[in-house]
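Going line by line, the protein sequences match chains C and P. No gaps in the numbering here: position 429 of the first sequence is 717 in this note's numbering, and each next residue is one more. No gaps in the numbering here: position 344 of the second sequence is 632 in this note's numbering, and each next residue is one more.
These are calculated hints, taken from the structure and not from any lab test. The reader is advised that the hints may include incorrect statements.
Subject to a maximum C-alpha distance of 16 Å in a straight line, what follows is the list of computed EDC-like cross-link-like pairs (lysine to aspartate or glutamate) [stated by the list, open to error]:
#1 P:402 with C:376
#2 C:394 with P:761
#3 P:342 with C:334
#4 C:610 with C:628
#5 C:386 with P:371
#6 P:710 with P:761
#7 P:386 with P:371
#8 P:375 with C:388
Protein chains: 2
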Amino acid sequence: MANTLTSRSQDYAQWYNDLILKGALADYSAVRGCMVIKPYGYALWENMRDVLDKRFKETGHQNAYFPLFVPKSLFEAEETNAEGFAKECAVVTHYRLKADPNNKGKLIVDPNAKLEEELVVRPTSEAIIWNTYKNWIQSYRDLPILINQWANVVRWEMRTRLFLRTAEFLWQEGHTAHATKQEAIEETEKMIEVYAQFAEEYMAMPVLRGVKSANERFAGAEDTYCIEALMQDGKALQAGTSHFLGQNFAKAFDVKFSDKNNQLEYVWATSWGVSTRLIGALVMAHSDDEGLVLPPKLAPLQVVIVPIYSKDEAVRARLDEKAQELVNELQAKGVRVKYDNDDSTRPGWKFAEYELRGVPLRVALGPRDLENNLAEVARRDTKEKQSVSLDGLGDNLIQLLADIQQNMYDRALKFRAEKSTKVDTWEEFVQVLDEKTGFIYAHWDGTSETEEKIKELTKATIRCIPFNNEQEEGKCILTGNPSKQRVVFARSY
Amino acid sequence: MANTLTSRSQDYAQWYNDLILKGALADYSAVRGCMVIKPYGYALWENMRDVLDKRFKETGHQNAYFPLFVPKSLFEAEETNAEGFAKECAVVTHYRLKADPNNKGKLIVDPNAKLEEELVVRPTSEAIIWNTYKNWIQSYRDLPILINQWANVVRWEMRTRLFLRTAEFLWQEGHTAHATKQEAIEETEKMIEVYAQFAEEYMAMPVLRGVKSANERFAGAEDTYCIEALMQDGKALQAGTSHFLGQNFAKAFDVKFSDKNNQLEYVWATSWGVSTRLIGALVMAHSDDEGLVLPPKLAPLQVVIVPIYSKDEAVRARLDEKAQELVNELQAKGVRVKYDNDDSTRPGWKFAEYELRGVPLRVALGPRDLENNLAEVARRDTKEKQSVSLDGLGDNLIQLLADIQQNMYDRALKFRAEKSTKVDTWEEFVQVLDEKTGFIYAHWDGTSETEEKIKELTKATIRCIPFNNEQEEGKCILTGNPSKQRVVFARSY
Numbered sequence: 289m290a291n292t293l294t295s296r297s298q299d300y301a302q303w304y305n306d307l308i309l310k311g312a313l314a315d316y317s318a319v320r321g322c323m324v325i326k327p328y329g330y331a332l333w334e335n336m337r338d339v340l341d342k343r344f345k346e347t348g349h350q351n352a353y354f355p356l357f358v359p360k361s362l363f364e365a366e367e368t369n370a371e372g373f374a375k376e377c378a379v380v381t382h383y384r385l386k387a388d389p390n391n392k393g394k395l396i397v398d399p400n401a402k403l404e405e406e407l408v409v410r411p412t413s414e415a416i417i418w419n420t421y422k423n424w425i426q427s428y429r430d431l432p433i434l435i436n437q438w439a440n441v442v443r444w445e446m447r448t449r450l451f452l453r454t455a456e457f458l459w460q461e462g463h464t465a466h467a468t469k470q471e472a473i474e475e476t477e478k479m480i481e482v483y484a485q486f487a488e489e490y491m492a493m494p495v496l497r498g499v500k501s502a503n504e505r506f507a508g509a510e511d512t513y514c515i516e517a518l519m520q521d522g523k524a525l526q527a528g529t530s531h532f533l534g535q536n537f538a539k540a541f542d543v544k545f546s547d548k549n550n551q552l553e554y555v556w557a558t559s560w561g562v563s564t565r566l567i568g569a570l571v572m573a574h575s576d577d578e579g580l581v582l583p584p585k586l587a588p589l590q591v592v593i594v595p596i597y598s599k600d601e602a603v604r605a606r607l608d609e610k611a612q613e614l615v616n617e618l619q620a621k622g623v624r625v626k627y628d629n630d631d632s633t634r635p636g637w638k639f640a641e642y643e644l645r646g647v648p649l650r651v652a653l654g655p656r657d658l659e660n661n662l663a664e665v666a667r668r669d670t671k672e673k674q675s676v677s678l679d680g681l682g683d684n685l686i687q688l689l690a691d692i693q694q695n696m697y698d699r700a701l702k703f704r705a706e707k708s709t710k711v712d713t714w715e716e717f718v719q720v721l722d723e724k725t726g727f728i729y730a731h732w733d734g735t736s737e738t739e740e741k742i743k744e745l746t747k748a749t750i751r752c753i754p755f756n757n758e759q760e761e762g763k764c765i766l767t768g769n770p771s772k773q774r775v776v777f778a779r780s781y
Numbered sequence: 289m290a291n292t293l294t295s296r297s298q299d300y301a302q303w304y305n306d307l308i309l310k311g312a313l314a315d316y317s318a319v320r321g322c323m324v325i326k327p328y329g330y331a332l333w334e335n336m337r338d339v340l341d342k343r344f345k346e347t348g349h350q351n352a353y354f355p356l357f358v359p360k361s362l363f364e365a366e367e368t369n370a371e372g373f374a375k376e377c378a379v380v381t382h383y384r385l386k387a388d389p390n391n392k393g394k395l396i397v398d399p400n401a402k403l404e405e406e407l408v409v410r411p412t413s414e415a416i417i418w419n420t421y422k423n424w425i426q427s428y429r430d431l432p433i434l435i436n437q438w439a440n441v442v443r444w445e446m447r448t449r450l451f452l453r454t455a456e457f458l459w460q461e462g463h464t465a466h467a468t469k470q471e472a473i474e475e476t477e478k479m480i481e482v483y484a485q486f487a488e489e490y491m492a493m494p495v496l497r498g499v500k501s502a503n504e505r506f507a508g509a510e511d512t513y514c515i516e517a518l519m520q521d522g523k524a525l526q527a528g529t530s531h532f533l534g535q536n537f538a539k540a541f542d543v544k545f546s547d548k549n550n551q552l553e554y555v556w557a558t559s560w561g562v563s564t565r566l567i568g569a570l571v572m573a574h575s576d577d578e579g580l581v582l583p584p585k586l587a588p589l590q591v592v593i594v595p596i597y598s599k600d601e602a603v604r605a606r607l608d609e610k611a612q613e614l615v616n617e618l619q620a621k622g623v624r625v626k627y628d629n630d631d632s633t634r635p636g637w638k639f640a641e642y643e644l645r646g647v648p649l650r651v652a653l654g655p656r657d658l659e660n661n662l663a664e665v666a667r668r669d670t671k672e673k674q675s676v677s678l679d680g681l682g683d684n685l686i687q688l689l690a691d692i693q694q695n696m697y698d699r700a701l702k703f704r705a706e707k708s709t710k711v712d713t714w715e716e717f718v719q720v721l722d723e724k725t726g727f728i729y730a731h732w733d734g735t736s737e738t739e740e741k742i743k744e745l746t747k748a749t750i751r752c753i754p755f756n757n758e759q760e761e762g763k764c765i766l767t768g769n770p771s772k773q774r775v776v777f778a779r780s781y
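Given the sequences, and given the hints that come with them, work out the whole structure.
Okay, structure coming up:
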């Protein structure tokens with residue numbers, strides 16, 4: 289299996305697709321741009337979701353569920369938002385099929401079942417949610433509203449890629465309502481930090497935290513905060529966003545509250561989301577030419593135990609017994625472990641398969657090992673193998689999982705440091721972008737025109753203006769106009 | 289709040305709606321037939337989902353996710369299934385909106401963005417899933433496939449009711465593929481029993497387990513097994529179904545496998561599902577004229593502690609301290625508990641509010657109680673109040689939660705027993721149906737025509753033919769033709 293993978297240096301995009309398909313994370317579907325998330329990929333998503341969901345609840349949020357469809361008249365109410373998504377909306381126009389009179393057994397759309405008003409399949413839920421909040425908010429006592437929803441959304445993208453950009457994807461979207469601007473901004477900041485910590489602590493993926501330029505802002509937001517990760521090909525990936533929406537949606541949907549002084553005010557809003565795109569980021573941040581490399585905290589399977597059977601039934605029984613002991617111990621300690629004693633495949637095949645699947649630790653247990661009270665432990669991240677005593681093996685494995693998690697983060701951080709470059713001239717900028725790749729810290733004159741021009745010329749965009757960015761006088765790499773700070777450029781997914 | 293509820297005897301349907309809306313489980317939305325599931329309702333669904341998900345995984349299933357959309361040509365492939373759902377399909381015909389040239393700021397569907405093939409928003413996922421399984425199944429080694437998905441589905445119902453029948457709803461749908469008929473039937477049976485145990489042990493709702501008559505079968509199934517519950521108005525509610533699909537979908541999508549003898553065979557299938565409809569069932573099975581009555585095992589909040597404050601700050605501090613001790617103890621023991629010391633509402637208001645919300649246990653803690661080392665504990669199910677010693681109160685509350693769970697089940701079981709009637713004549717049948725209501729055990733000649741006729745005359749349907757049904761000679765209540773068994777009739781939701 290594994291040796292049929294395309295290597296990263298050969299064709300990075302193909303390597304990625306091979307991993308997703310052969311690593312059994314997802315599959316193509318019969319629907320243009322939509323994918324099937326296979327059990328292994330979905331288990332990864334469940335682990336991500338569970339951690340995030342817990343963090344959302346700890347930070348005071350509750351889950352709810354809003355309709356999939358948005359009537360067109362609501363969708364267009366916040367004009368900037370509507371304009372931003374109009375070009376990629378799936379639209380329901382009819383509510384019935386009927387038998388095709390000319391083609392037995394086939395169906396056609398029933399022209400008599402045309403909807404009076406078309407329904408947009410949600411590309412994001414601000415419109416339907418703020419139309420609902422209108423009914424829930426009268427007084428400052430009704431605020432804040434801190435709601436999250438786990439849902440599917442549809443954006444009709446023309447060029448799709450498994451996990452990274454699909455017409456339908458799964459995500460969570462938080463939508464909060466506040467009495468003051470300050471409180472809404474604090475919420476926006478709090479949630480981007482929740483995402484950043486999740487990316488770093490669980491995905492072992494260091495991220496830049498910062499603000500988007502006006503060009504890259506969410507349609508309808510006053511400010512978009514983001515986390516940006518660096519992939520192994522030196523391209524950036526936006527991994528999560530948190531938007532301060534100001535009073536834009538409150539004004540579009542006329543959502544006012546009476547404050548403590550009985551004055552009517554528009555409500556302040558935020559929204560924030562991460563999606564199954566994170567799985568694509570995870571794969572591209574860590575994996576190698578042998579397959580997936582998954583961080584232990586999120587890996588569906590953390591430890592796999594493979595017996596090296598001999599023909600001696602008694603030896604087999606002892607191997608099974610020893611392995612089962614280890615499984616029991618690890619499970620009791622909360623480790624996701626599997627004993628793969630399937631007799632129909634050979635150990636070598638299993639080794640390659642679990643390597644491909646990115647299982648952090650593999651324990652091989654053979655008759656000779658057993659005699660010597662040893663097991664062979666292989667780390668997926670470094671591919672190191674070592675003989676480890678069976679005494680205390682469970683705890684050693686747990687420590688190793690922690691080491692792998694840390695090592696993966698450190699490695700990614702080192703990679704990012706190496707691929708972060710300050711440049712001061714346009715020539716340097718273009719050269720680094722094309723040859724070294726990565727995050728480029730460069731001066732920019734702060735105008736949308738310049739950013740647009742740089743994008744046209746190089747396909748690089750401003751990924752973010754980092755929080756607490758160092759202020760430094762300089763000259764814009766393109767225009768030479770004065771600049772007060774460097775911003776982070778990169779080509780991106 | 290609570291005293292503005294419609295009573296059950298006044299108007300059962302209105303009582304139900306009042307409970308859903310005022311109990312903050314759900315709200316209407318701007319989209320015809322779609323509802324908003326509010327945080328309290330969603331928390332209930334999360335509790336249900338978590339229990340079921342665990343049971344599915346324990347019985348060997350994995351979660352995955354398949355596309356929301358089904359291309360029309362796939363949808364129509366299994367003709368019986370397609371015909372069954374064609375009349376209630378939301379259809380996506382376009383993938384873009386554009387600015388309305390005649391109406392600034394408004395959008396219209398872009399006629400140039402018409403899909404070549406229309407997409408049906410899934411009313412159920414057999415078609416898209418079996419089209420995928422085709423690629424996953426070659427050999428008997430690929431079987432069984434045991435997959436479940438948690439998803440939203442859309443059925444364009446003409447008459448909708450919150451939770452019970454909505455255009456969009458949340459559900460899980462299991463889709464399994466097997467090498468033999470026997471194994472598929474065993475899976476179908478296993479999963480209906482998973483549902484039955486969930487309904488009885490967690491929802492405290494006794495259910496009949498049985499087989500649907502041909503008229504009531506799922507479109508595309510060879511057999512539909514169901515669980516049927518009885519609501520307080522004497523109407524039945526189908527709470528879950530498990531379908532043996534035979535080889536219908538394998539034939540429609542040409543899914544064959546080579547068996548151990550290298551013979552190509554069609555794959556055998558099952559599907560099974562429960563939905564947010566269960567929340568409607570839960571509400572109607574147990575609640576009363578004061579509000580929701582939720583079974584402790586699923587209640588989002590199991591215990592609420594309400595302080596009866598005096599003006600004395602020192603006493604308040606002691607109440608807070610004692611309450612916090614109890615909260616800590618209960619949380620450590622896994623109880624979902626809240627200390628409501630919000631000063632802006634009075635205890636009486638809180639009592640009514642938590643009664644309306646169906647919180648199983650309310651603990652009131654006042655200065656007098658504290659002096660006497662007592663608390664007042666009120667059960668939601670029986671409305672009994674008792675003074676209970678603060679010593680060992682935590683464990684007593686946990687025992688009371690178990691008692692309430694059992695009592696709710698016993699009460700519902702008793703109600704069902706009282707509302708289950710054997711009848712032998714048509715006159716009796718009609719009279720019981722109209723006056724006593726409930727489940728009616730009556731002889732039926734086994735024909736679809738008779739069942740249809742009975743439905744036309746009385747709106748009663750055969751809810752199920754119970755598993756292991758007693759065989760007994762008799763005469764059909766409508767036709768007088770010979771019958772071998774009684775079946776269960778009722779009017780239903």
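- Just pull the numbers of the violated hints for me, sorted ascending. 2 and 7
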